[in-house]
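**Student:** Chains as they are written, first to last, in my numbering: chain H, 97 to 346; chain Z, 81 to 393.
Derived from the structure by calculation, the hints contain no laboratory data.
Given the structure is predicted, the values throughout are model-derived calculations rather than measurements.
Don't take every hint at face value.
To be verified - Partial chain Z-side listing against chain H, Cβ under 8 Å, derived:
#, residue
1, 111
2, 179
3, 253
4, 297
5, 300
6, 301
7, 303
8, 304
9, 305
10, 306
11, 307
12, 310
Said to hold, decoys possible - Straight line, CA to CA, 20 Å or less: simulated EDC-like cross-link-like pairs of lysine to aspartate or glutamate:
#, chain 1, residue 1, chain 2, residue 2
13, H, 156, Z, 299
14, H, 278, H, 223
15, H, 237, Z, 308
16, H, 156, Z, 229
17, H, 106, H, 179
Think of the CB as a built atom: it goes at the ideal place given N, C-alpha and C, for glycine as much as any other residue.
Okay, here's what each chain looks like letter by letter:
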Amino acid sequence: MTNRADEIVKFDNVGLRYGTDPEILRDLSFTLFPGSFYFLTGASGAGKTSLLKLLYLAQKPSRGAIRLFGKDMITLPRERLPDYRRRLGVVFQDFRLVDHLSAFDNVALPLRLSGTDEGKVVKAVSDMLEWVGLSHRAEAKPATMSGGEQQRVAIARAVIARPRMLIADEPTGNVDPEMALKLLRLFEALNNRVGTTVVVATHDVHLLKKVPDSLIMRLNKGRLSDPTGALRFPPRPGGSSSAGSERSPA
Amino acid sequence: MNEVPIPDAPPAMKGSPLPKPRKVAAADLLPKARFGGPIPWVIAILIALVVIAAAGGLALRNLAETARADISNAVAIQVLEPNPELRGERVESIVAVLERDELVRTLRVVPEDELSQLLEPWLGAGAASEDIPIPALIDVELSRPASPEEIARLQDALSAAVPNARVDAQSAWLAPVYGALAALQYLALGLIALLALATAAAVWLAARSAFATHRETVEIVHLLGGTDAQILRVFQRAAVRDAAFGGIVGLSLGSLAVWLLGQQFAALDSGLVSGGGFGWVDWAILLFIPVVGVLLAFVTGRMTIAFALRSMF
């Protein structure tokens, strides 16, 4: 058994529908544990992005309960949501960079919003931009950047505040294989060295093989599928089970 | 490959509660608007109109107060005696009564020549003729503003001496003028209230429009952990900046119009109109109008954006 302190995310019978449309997510019940690395896979339209939206607190579910960091997000007053959103790092599928800000300022945004000293912001952002190979584009606005560059800025912004959970929606879709691997190594480093829980939505099966210890959550028509019918793979830190997940192919 | 640059843990990682967000963070969240949009100019026009309406109201108030002060201590006494020979005796009797009355400070019997000159525009050269009986007129300055009862007592005393003597309290025949001036002042106040409402509506529309334009950015900032307070500050700053610009321009235009109108009225050289001149308090009130405009914009902008933010998750 696990206690709530071990859980970073717990979904209980969660469903999501937009308006009067049929549910696009149905009966989702699963737990994510600190320090684990998850891949979320599924065909287009399976509901990956909708599930991530629930995870990064962009959306309320139509039904069910969601606990994040041990706190019920459904009943949490909205003025307390920023406290929890600041513990998350998000790579959006469409990057969602702030158009009027430079690459540097986009990456610095989470730190500045959380009140980090400006001296530390400059150092951290400069290092991060150098690492993702965008030092020379620090002052560039998103509109002047390629898709790959924007994606790297989005990833740098997501990890700059060393989040407790990193949620990435197709984070390597617009970069070359070498950069994709490099970015994946960044996620792994956060996972291994800082203990950040990582959730990466992808349909790139090759990516799944790159992180041997990762767990895979498969979404099929809005439901998490467990092909074995059993909770086979415990997450690394606590030895607990995780519904709907399996070990990635090594 | 370089080492992965995992930054030092920011305060958010070190446990709750989170530090208060720095104000500087909000400064660049939204693009800086230029004064190219119509709203600052709309506010400028509205503030100019408020300044002109307020100046009109203040001028009317000053004019009424000056006129009231000038005539509340004065009465005119007419002696209606068609016989020129008896008229002088009646006037002497009246003067004798007046000189004994403690309410009277000074009196002046208006000379017949002066009366003829006053009436000449209406009666022509015949005003000086003996054929037209002209009442004698006595200007009386009272020692204090007299109540209606005191005026009535004076009338009784004079009637006892000269039955055809009539006391005209100047404030009485100016009462309709005061009423009209008061109505105009209320009209000015009503206009100011309507213009304030229009200013608030302009700011409300501008804030809603700005929020709709930047909704995507607001969502991103929210998802990155930005608070409503940080977002509110940005919009408030924009609203206050636009209102301040509009206020300064409006005050300048309105004050210029008021000053030019003042010059025009001063050129009339009329005793009544000159009573509507401005003192430093009046100018201070006009200077205060843009400040109220900025406060109005601040409150309206804040309420509009706070309401819009509440509709977001």
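**Student:** Go through the hint on residue 297 of chain Z and say holds or violated, using the shortest Cβ distance to chain H against 8 Å.
**Tutor:** Where the cut-off is 8 Å and the nearest Cβ of chain H is about 5 Å from residue 297 of chain Z, the hint holds.
**Student:** Given the hinted pair residue 237 of chain H and residue 308 of chain Z, is their alpha-carbon gap at most 20 Å?
**Tutor:** Between residue 237 of chain H and residue 308 of chain Z the Cα gap is close to 25 Å, so the pair fails against 20 Å, i.e. violated.
**Student:** Report holds or violated for the interface hint on residue 307 of chain Z, using the least CB-CB distance to chain H and a cut-off of 8 Å.
**Tutor:** 5 Å, holds
**Student:** Given the hint that residue 278 of chain H pairs with residue 223 of chain H, does the C-alpha gap stay at or below 20 Å?
**Tutor:** Holds, because 15 Å separates the two Cα atoms, which is no more than 20 Å.
**Student:** For the pair we were handed, residue 156 of chain H and residue 299 of chain Z, check the Cα-Cα distance against 20 Å.
**Tutor:** Given pair residue 156 of chain H, residue 299 of chain Z holds - Cα atoms ~14 Å apart, limit 20 Å.
**Student:** Restraint: residue 111 of chain Z near chain H, CB-CB cut 8 Å. Satisfied or not?
**Tutor:** Holds - the Cβ of residue 111 of chain Z comes within 8 Å of chain H, reaching about 4 Å at its closest.
**Student:** Holds or violated: residue 106 of chain H with residue 179 of chain H, Cα cutoff 20 Å?
**Tutor:** 18 Å, holds
**Student:** Against chain H, is residue 301 of chain Z within 8 Å by beta-carbon distance?
**Tutor:** With a minimum Cβ separation of about 7 Å from chain H (threshold 8 Å), the hint on residue 301 of chain Z holds.
**Student:** Is the shortest C-beta separation between residue 179 of chain Z and chain H less than 8 Å?
**Tutor:** 82 Å, violated
**Student:** Identify whether the interface hint at residue 310 of chain Z stands, where standing means a beta carbon of chain H within less than 8 Å of its own.
**Tutor:** 7 Å, holds
**Student:** Verify the interface restraint on residue 253 of chain Z: the C-beta must sit less than 8 Å from at least one C-beta of chain H.
**Tutor:** 66 Å, violated
**Student:** Does the interface hint hold: is residue 300 of chain Z within less than 8 Å of chain H, judged Cβ to Cβ?
**Tutor:** 5 Å, holds
Violation of the numbered hints given earlier is confined to hints 2, 3, 15, 16; the remaining hints are satisfied by the structure.
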